[in-house]
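As a plain string of letters, each chain reads:
Number of protein chains: 2
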Amino acid sequence: MYDILNKINSPADVKKLNAQELEILAADIREALFNRLTKIGGHFGPNFGIVETEIAMHYVFNSPKDKFVFDVSHQSYPHKMLTGRKLGYIDDACFKEDSGYTNPDESEHDLFNVGHTSTSVSLASGLVKARDLKGGQENVIALIGDGSLSGGEALEALDFAGSDIHSNFIVIVNDNQQSIAEVHGGLYQNLKALRESKGTAANNFFKAWGWDYIYEENGNDIQTMIKVLQRVKDIDHPIIVHINTQKGKGYKLAEENREAWHWCLPFERETGKSKFSFGESYTSITADYILNKAKQDKEFTVITPAMPMTAGLSQEMRAQLGAQYDDVGIAEEHAVAFASGIAKAGGKPLLVTNSTFIQRTYDQVSQDVCINNNPVTILLNFTSFDGLTDVTHLGIFGISAFSNIPNLVMLAPTSKEEYLNMLDWSVNQTAHPVMVLMPGNEPTSRPADRDYSKINTFKMEQAGEKVAVLALGDFYQRGEKLAAAIEKEFGFKPTLINPRFANGLDEAMLTDLEKNHQLIITLEDGILDGGFGQKIAAFYGLSAMKVKNYGLKREFYDRYNPEELLNKLGMTTEQIIADVKKIVK
Amino acid sequence: MYDILNKINSPADVKKLNAQELEILAADIREALFNRLTKIGGHFGPNFGIVETEIAMHYVFNSPKDKFVFDVSHQSYPHKMLTGRKLGYIDDACFKEDSGYTNPDESEHDLFNVGHTSTSVSLASGLVKARDLKGGQENVIALIGDGSLSGGEALEALDFAGSDIHSNFIVIVNDNQQSIAEVHGGLYQNLKALRESKGTAANNFFKAWGWDYIYEENGNDIQTMIKVLQRVKDIDHPIIVHINTQKGKGYKLAEENREAWHWCLPFERETGKSKFSFGESYTSITADYILNKAKQDKEFTVITPAMPMTAGLSQEMRAQLGAQYDDVGIAEEHAVAFASGIAKAGGKPLLVTNSTFIQRTYDQVSQDVCINNNPVTILLNFTSFDGLTDVTHLGIFGISAFSNIPNLVMLAPTSKEEYLNMLDWSVNQTAHPVMVLMPGNEPTSRPADRDYSKINTFKMEQAGEKVAVLALGDFYQRGEKLAAAIEKEFGFKPTLINPRFANGLDEAMLTDLEKNHQLIITLEDGILDGGFGQKIAAFYGLSAMKVKNYGLKREFYDRYNPEELLNKLGMTTEQIIADVKKIVK
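From first to last, the protein sequence lines stand for chains A and B. Under this note's numbering, residues 1 to 585 are what the first sequence spells out, in order. Under this note's numbering, residues 1001 to 1585 are what the second sequence spells out, in order.
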């Protein structure tokens, strides 16, 4: 096993192999992918489909002198194995040494830490610019999947480079006819026409934008790809190399169900079955809500930018929703403005995506939605520190980034009932743009109000004295625990407040607390800077009230253990109790 | 004068006119445009070029049943005159009744409050979606200029609608061969080829993406445009109507210099001369810096997304910069990632845009630049409440939105020397991504440090007692005034601090202040929520120190008088002194 891969310590070793050995290397890489992915999961389809191309890239070009930029970089695992990092795939003890994305801290062969889509052409065109300013001669190669092409950043960059770069720049478009779910958009009709005509179709979008262009249908054949890349190596102008590959190649189940196998949890290789099973989650609750609401209300419509599973929507459910559902593809900006238009014309749009991806559309939320005060509901999944922990996918910036946009109501539910009631209230009301933070913990049950139209009214869940705990959203359960611990430790009952609104102040309640409280504790699931607690602290700036904010630091945390992080930040119940002892007399 | 325009109170009146009267109406509209623009300024070229098209739109379609969406909406003045708002153009006393953009508060004929580019196709496709869900039959028409097409949001929407909309949707592409400055990008080569071939060129980008398409070269001919629009009215699928028009048509100077006449200040009609003249400004200082630095350092390069004038760069200066300058067109996302690539490869990129437009690229600043910690310098103009006051162009959200991104150093200079030193330090260092806030006030002179590598070190400009004034960036001069007034009023010398870093805390200095101060006053030129002062308040949450933050509320202010706003917010020196009296014993 790994006969050839074992010999590869750098790209120079790839160049020594003969054709047969290269084929064995491809098989070894797939075995190594199986080893890692069956055990710890990761991006499956993108890596299985690109093995041959990345072998050819390292065979033909000279990385790190020649520079590779991988879009999203969720397809860079073969590249990693070929650049000194095979142990992260073949040795279980080394899995953690390798992130699931390119990472300059791991290797000089990785240029950027990337995890969001559609950035490669733009980043690479910057490398081209600097090379030309410095008089360098190296090749710059961007590898981008068809799904990533629909993102505005990629399109802006293709437009720019097609006319404004006049030197070496190679963009490999890896066309596997799939985004995360199906591809959506007119440009995919063009890719299809180009595939079917072997690159000769009329109205070639790339050529229209000034690019030179070649097509290769056998993107999974190493020798073919070597020839293709040798042909474009050292080219003196920008060129698109459009290649046809098979997503998930080498695993029948993945070839047949490309959406399910874009990314995987640990699974059994024989059956493809996940080693985990899931019960009710906020995601499944969301899907149930969507299906019921759509049946009852024909003006209700759902939008996801390429991530239907983030709303729990299977292919079957999407079919059931019919015209009441749009996957707009990777196009978050359009998704938000589209929702604003729907709301303006009396529809009831619900846009669902991840906290990390809504970042791509700050301006659309602010301008297209909030200035116009159109009643769009934006539901965010993976909002918690206790969710995605890759530095490029953190949900912990959502409150800080979006809660300070005027007119936007940001709701932080604390239980299943409150979540559903808030969602339903938001979808049905017409007065506000609303962002709902899907809790990151397990669903819990507690009665909740149905009406949230009195904006910024906090809910006092337990009236007490001396200390008031304001526990936001999915940190409410931590607040409950803390309140109980305070009562046990100090012998008085503290006040416990569920703020519900993540970006406003219940000034009447806060003022009232001054009567018989000396300390406010805020707990929030996100960074402190720009968040909820700092607003509370500022409110009490001239008061005798002490305020202590608990939350995350402004930092790009990467692949951390969530509970360890809280401990490090002094946020465990025990640590907070110790703090309180120093403050409360 | 205004013989025909005077009779127009709604689109119904346009439909009654014969061909000759329509021509007179066009002339009347241009006269009315001259009346307003010579006296109060505004968008010139876009409106003069679109007169005939908007007359034809109202002649053929039935607004507000049929729905018009204007991209940027800086070309909507003729539309406004035809929908009951002519007094805003012909009666000087009524100028203020009309904003320079579409505004639903003004008229039911305006669907959105818009001021940023590239949003119309997406917003309009939402109107289409809601119409179809509700079973409506109206036409939906988006009007977008060629310059706006390069923005990611527009491209995402064109991709979506070209395949996923299967009902009436008309997108008029107003091709006047100009963005704000020249157009940049491969798609403009395609528009040129389409113009030159009267719409028949090979590789039609719109057709490639699934759109039906027609071309009309006489976009400034009313009868032609009426025929074209009658042909597409009630069409059952999406179509691009590509029209050729002349930007600035009807004013020779504007026809000849399209960049200078995109937007104008009040001017003399005979000569075209502006009624204002400008001396040294932070913008002119910036242009001088750029030209000198570029000469000395061949790795220094400047990027503007379509707004060279925001960096003070005239056409001549840009030519002088040569390869050390890229106007990437309206493509802010690409601009930022491009800069990140340049920095990664050892170039020294300076990206210049307005505070309001950097909003379009939150994710790129966070992911492409800051996670990678690449030393990009982003310089923002119009960062002040005392700058652009249209609701869509406010600079007051910049600190709140961007200062909470990890790794980003945000610098707020307080004088000409400090501005230049910060800019130069930032461009030359390689440790941090940096955002520099160009001051919104007049340049003042004061000695300043050259080295800012000790991040988050505030500068104590005056050591005093009892009260410490932390006056950020271009509010420093207000801080000076306030400190003097405090000394005069109370007889003690307060401390005056120039924080310099807008998003960090000098914890040592802040702790030290506790020794002999009881009140901290923060002054900042932006909204308070998520900003500088709230971090200070949170820092002192457990201390006896009182903190009072002065800044703007989280609100979409619109066309306000800046000084009146400060007064309303209680931020004048006198008002703050009155506050201090209540606090300081």
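Each hint should be verified, as a subset may be incorrect.
To be verified - Straight-line alpha carbon distances no greater than 30 angstroms define the calculated BS3-like cross-link-like pairs of lysine-lysine that follow: (1) B/LYS1581 with A/LYS515; (2) A/LYS198 with B/LYS1207; (3) B/LYS1585 with A/LYS582; (4) A/LYS546 with B/LYS1298; (5) A/LYS548 with B/LYS1548; (6) B/LYS1515 with B/LYS1568; (7) B/LYS1466 with A/LYS585; (8) B/LYS1207 with A/LYS585; (9) B/LYS1546 with A/LYS553; (10) B/LYS1039 with A/LYS233; (11) A/LYS585 with B/LYS1546; (12) B/LYS1581 with A/LYS548; (13) A/LYS493 with A/LYS481; (14) A/LYS454 with B/LYS1459; (15) A/LYS295 with B/LYS1134; (16) B/LYS1493 with A/LYS459; (17) B/LYS1298 with A/LYS553; (18) A/LYS548 with B/LYS1546; (19) B/LYS1481 with A/LYS548; (20) B/LYS1298 with A/LYS515; (21) A/LYS515 with B/LYS1585; (22) A/LYS548 with B/LYS1585; (23) A/LYS548 with B/LYS1298; (24) A/LYS585 with B/LYS1553; (25) A/LYS227 with A/LYS275; (26) B/LYS1581 with A/LYS581; (27) A/LYS134 with A/LYS7; (28) B/LYS1134 with A/LYS546; (29) B/LYS1585 with B/LYS1459; (30) B/LYS1488 with A/LYS459; (31) A/LYS466 with B/LYS1207; (32) A/LYS546 with B/LYS1016; (33) A/LYS466 with B/LYS1134; (34) B/LYS1546 with A/LYS581; (35) A/LYS515 with B/LYS1039; (36) A/LYS134 with A/LYS192.
The set of hints was computed from the structure by calculation and includes no laboratory data.
Okay, the hints, checked on the actual structure:
1. Distance hint between B/LYS1581 and A/LYS515 is fulfilled; the C-alpha atoms sit about 24 angstroms from each other, no more than 30 angstroms.
2. For the given pair, A/LYS198 sits about 19 angstroms from B/LYS1207 by alpha-carbon distance, which is consistent with the 30 angstroms threshold.
3. Only pairs whose Cα atoms come within 30 angstroms are accepted, and B/LYS1585 paired with A/LYS582 is accepted, the gap being roughly 28 angstroms.
4. Between the alpha carbons of A/LYS546 and B/LYS1298 the distance comes to roughly 54 angstroms, so the proposed pair goes past 30 angstroms and is violated.
5. Between A/LYS548 and B/LYS1548, the direct Cα distance comes to roughly 17 angstroms. Compliance with the 30 angstroms bound is thereby established for this hinted pair.
6. About 34 angstroms separates the Cα atoms of B/LYS1515 and B/LYS1568, which puts this hinted pair outside 30 angstroms; it is violated.
7. Between B/LYS1466 and A/LYS585 the CA atoms are separated by roughly 27 angstroms; this keeps the pair inside 30 angstroms, and the hint holds.
8. Taking the CA atoms of B/LYS1207 and A/LYS585, the gap is about 74 angstroms. The hint is violated against a cut of 30 angstroms.
9. About 24 angstroms separates the Cα atoms of B/LYS1546 and A/LYS553, which keeps this hinted pair within 30 angstroms; it holds.
10. Between B/LYS1039 and A/LYS233 the CA atoms are separated by roughly 59 angstroms; this puts the pair beyond 30 angstroms, and the hint is violated.
11. Taken as a hint, the A/LYS585 and B/LYS1546 pair is honoured in the structure, with Cα atoms around 20 angstroms apart against an allowance of 30 angstroms.
12. Straight-line distance between C-alpha atoms of B/LYS1581 and A/LYS548 comes to about 28 angstroms, which keeps the hinted pair within the 30 angstroms bound.
13. Of the supplied pair hints, the one linking A/LYS493 and A/LYS481 holds, its CA atoms being roughly 12 angstroms apart against a limit of 30 angstroms.
14. Distance restraint check for A/LYS454 and B/LYS1459: the Cα-Cα separation of roughly 44 angstroms exceeds the 30 angstroms cut-off, and the hinted pair is therefore not satisfied.
15. Using a Cα cut-off of 30 angstroms, the hinted pair A/LYS295 and B/LYS1134 holds, with the two alpha carbons roughly 15 angstroms apart.
16. For the proposed pair B/LYS1493 and A/LYS459, the alpha carbon gap of about 45 angstroms is over 30 angstroms, so the pair is violated.
17. About 38 angstroms separates the Cα atoms of B/LYS1298 and A/LYS553, which puts this hinted pair outside 30 angstroms; it is violated.
18. Distance restraint check for A/LYS548 and B/LYS1546: the Cα-Cα separation of roughly 15 angstroms lies within the 30 angstroms cut-off, and the hinted pair is therefore satisfied.
19. Taking the CA atoms of B/LYS1481 and A/LYS548, the gap is about 33 angstroms. The hint is violated against a cut of 30 angstroms.
20. Between B/LYS1298 and A/LYS515 the alpha-carbon distance is near 65 angstroms, which puts this suggested pair outside the 30 angstroms criterion.
21. Distance hint between A/LYS515 and B/LYS1585 is fulfilled; the C-alpha atoms sit about 23 angstroms from each other, no more than 30 angstroms.
22. Annotation: proposed proximity of A/LYS548 to B/LYS1585 holds, straight-line Cα distance about 26 angstroms (limit 30 angstroms).
23. Between A/LYS548 and B/LYS1298 the CA atoms are separated by roughly 50 angstroms; this puts the pair beyond 30 angstroms, and the hint is violated.
24. Proximity of A/LYS585 to B/LYS1553 is assessed by CA-CA distance (about 36 angstroms); at most 30 angstroms being required, the pair is judged violated.
25. With a C-alpha separation of about 41 angstroms, the suggested pairing of A/LYS227 with A/LYS275 is violated against the 30 angstroms cut-off.
26. For a cut-off of 30 angstroms, the pair hint linking B/LYS1581 to A/LYS581 is broken: about 35 angstroms separates their Cα positions.
27. About 36 angstroms separates the Cα atoms of A/LYS134 and A/LYS7, which puts this hinted pair outside 30 angstroms; it is violated.
28. The suggested pairing of B/LYS1134 with A/LYS546 is violated, with an alpha-carbon distance near 54 angstroms, which exceeds 30 angstroms.
29. Our distance criterion of 30 angstroms between C-alpha atoms is met by B/LYS1585 and B/LYS1459, whose separation comes to about 27 angstroms.
30. Between B/LYS1488 and A/LYS459 the CA atoms are separated by roughly 46 angstroms; this puts the pair beyond 30 angstroms, and the hint is violated.
31. For the given pair, A/LYS466 sits about 69 angstroms from B/LYS1207 by alpha-carbon distance, which is inconsistent with the 30 angstroms threshold.
32. As the CA atoms of A/LYS546 and B/LYS1016 are separated by approximately 71 angstroms, the hinted pair breaks the 30 angstroms bound.
33. Of the pairs offered as hints, the one joining A/LYS466 and B/LYS1134 is violated, with about 55 angstroms between alpha carbons and a cut-off of 30 angstroms exceeded.
34. Distance check on the hinted pair: B/LYS1546 and A/LYS581 sit about 23 angstroms apart at the alpha-carbon level, within 30 angstroms; holds.
35. Between A/LYS515 and B/LYS1039 the CA atoms are separated by roughly 57 angstroms; this puts the pair beyond 30 angstroms, and the hint is violated.
36. For the hint linking A/LYS134 to A/LYS192, the alpha-carbon distance of about 39 angstroms lies beyond 30 angstroms, and the restraint is violated.
Consistency with the previously given hints fails for numbers 4, 6, 8, 10, 14, 16, 17, 19, 20, 23, 24, 25, 26, 27, 28, 30, 31, 32, 33, 35 and 36, ordered from lowest to highest.
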